[in-house]
Amino acid sequence: MIRKEILEDVIFKTIKKSSCCIPKDVHSALKKAIKSAETETEKDAFSNLLKSLDISIERENLACPDTGWPLFFYKIGNEADIEGGILELEEISRKMVTKATKEGYLRSTMKHPLTGYDPGGNVGLNVPYFDYKFVPGKDIQVTYVAKGGGSECFGGTRYRMIAFADGITGIEKFIVDSYIAATRAGAICPPGILGIGIGGTANIAANIAKEAACLRLIGTHHPEPMIAEIETDLYKALNKLGIGIMGSGEGPSVLAVNVEYAYTHIAGIAVATSSNCCVSRRATAKINDNGKIEELDNPDWFERGQ
Amino acid sequence: MAKYYLQVPLKEEDIKKIRIGDLVYFSGEAFTCRSRLHRYIFDEKNVLPFSTKEKNLLIHVGPVIIKENNKWKLVSFMPTSSIRFEKWGAKSIKEWGLKAIVGKTTMGEETAAAMKENICIHATPQCVSPNLWLDSIEIKDVYLFDELGTIEAAWQLHLNNLGPFLVDMDSEGNNYFDSIDAIVEENRKKAYKALQIPEDFKYTKLY
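So the protein lines, in turn, are chains A and B. Using the numbering used here, the first residue of the first sequence is number 1, and each one after it goes up by one. Using the numbering used here, the first residue of the second sequence is number 307, and each one after it goes up by one.
It is possible that some hints are incorrect.
[What the hints assert, rightly or not] To be clear about the criterion: a stretch of chain B counts as covered by chain A if any three or more of its residues have a C-beta under 8 Å from a C-beta of chain A, and this derived list gives those stretches:
hint : region
1    : 320–333
2    : 369–376
3    : 384–398
4    : 408–419
5    : 434–444
6    : 469–483
7    : 490–500
Just so you know, these hints were derived from the structure itself, not from any lab. Nothing here was measured: the structure is a model prediction, and the numbers come from that model. The beta-carbon is built from N, C-alpha and C at its ideal position, and this holds for glycine as well.
One chain only, chain B, in its complex shape:
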């Protein structure tokens, strides 16, 4: 398990080295995105009002941000489940040139294939610790605030060593949680045994 301190714009050669189980930190520019923004761009055919060329890190988060003395103040920040935007995952990697996505949980096969093809990773928080990240994030600007509302707007961030996040998908197509699945699958038998549930148990079909 290695630790990487990455600078945005993320470079292909840096991302290529990273493997599942590694920890990553990010510095530089990033933007927030949730499903409403994906739908707004990809389904409702609007144009993203900023360039992701130098900002190739998407954070899947609905932050709590309030206005205090005419300035944006970040109140709470916790990446949320990326599997929700699997439908638009590959598309966003390809069309926006993403090199990393930070979000909770993981993503599916279509996104994994796009990550392999386009050299991109997904990284996930190791615990729910929103307060420990607040000092690493500056709010620079916001797009689509009126159209999408405060949580789903595209917040423009400047990061200062934001992390650590566990890399759960790498650019080789590996998924960290597949290895956990295999362990849990073995342990399922132990749980059944403890509860005296026969492994070949079949439910009576009621409907």
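One chain only, chain A, in its complex shape:
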């Protein structure tokens, strides 16, 4: 059985790690950006970004003060035995979000949408958000994503229904135009990680776009060659835009383009984009049935072993 005390400990540490320690794949991508910088301004900007991120890892303080929306992505083993069940898992998650906020590992950012009331612990109606994937086995895996407000609020997340007649051309035009609009003056903190969801209902498309942006590692591709090719084409095309770090015109425009799809109704193709900022935050840990804990670099959300 997976005990409550272990859950509390692991969930808290995962939230803290997400806020303070940039994932390894993002770290490597930024290092690469410094290496391939073409101007001193570009090099300085990426170097200062990475320097600040490294200090956060060392001092265990926030990589960015905007710790955004608290999002939990749980993989639950089909035979997992959780003390108190899933309801307890959610209750502990909420408590740990509040604890992390009180201790300065999350900023108190979640408010009532109309009154502005700030409960002070980032917990309220429908927040934090929980997403589940059920997998074989007895383990559970927690991934915490601190989803920044910049990348979410300023057009980083968009949706459009495309006619079958417009197909991939319509889809790609929507993506290019959305990304340009969202990155103006550095709004979504580019170069971002762009997640694309194609197909499904509007919310399915938006969900898989978010998962693509937040849970896939930079450098991975969709296993289907047609989709992988769309990722590569879009990555190359968007990097022709000259948006640069914080919209300054210096350096790459996008760090990765990750595409996921769902089967759709014959009437139309939903397309959603979800951007994550250059300070993308994510941390994952796996809890074994016998209490063994393993920190993971890759949530492998889509169960591809990559």
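Guided by the hints, dock chain B onto chain A, whose structure is given.
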């Protein structure tokens, strides 16, 4: 591109010289402000409980500040998107006598006009590097903490060469990002071409 090390209170003659693309650093007094404070003052008709006369630098930021051993400790500091308070931008420049605003992104036309009229600039961070600024900022005091909460309160700061920030709006009405927009607009055609999207492509209207 020039570098300016500015002292608050900011003087009109110093601000006048600065152009888009320049880098600026600030020393002296400043205050933090987010939309909740703007609304509290301008819409809900409250009075700002401190004078901005000698403190004419607004930083648009929601800092993370905790109390440690009965003293305020700054944990994280990253200016945030100023376009959000465009509604109150011109008003704050005029009524508070601001000479500079530091915030992410940029601001709109109404604020640009007020900047031209009142000699004021907007400057933006070149990257997300909150840790590199912590040592340049001292927390002196806070106003409206109980009313607005820790992020939206008006923190009173003392700065020691806080920067560099890129000047994206100057007192002549220029905007740095307009020049980037023009480049990106040209590049949009290259991206379309790479993806074989016709420039005159029109979506089928579904609704």
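Legend entry - 8 Å C-beta criterion, at least three residues: is the region 434–444 of chain B covered by chain A: holds (count 5)
Legend entry - chain A covers the region 469–483 of chain B, three or more CB atoms within 8 Å, holds or violated: Coverage by chain A holds for the region 469–483 of chain B (3 residues, Cβ < 8 Å).
Inset, instruction - Count the residues of the region 384–398 of chain B whose CB lies closer than 8 Å to any CB of chain A, then report whether that count reaches three. - result: holds (count 4)
Inset, instruction - Quick one: see if chain A covers the region 490–500 of chain B, three-plus residues with Cβ-Cβ under 8 Å. - result: holds (count 7)
Legend entry - Given coverage of the region 320–333 of chain B by chain A, checked by CB-CB distance under 8 Å (3 or more): violated (count 0)
Legend entry - chain A over the region 408–419 of chain B, status - at least 3 residues with CB closer than 8 Å: Satisfied; 3 residues make the cut.
Legend entry - Coverage claim, chain A over the region 369–376 of chain B, checked by counting residues with Cβ within 8 Å (three needed): holds (count 3)
Hint compliance for this structure: hint 1 is the single one not met.
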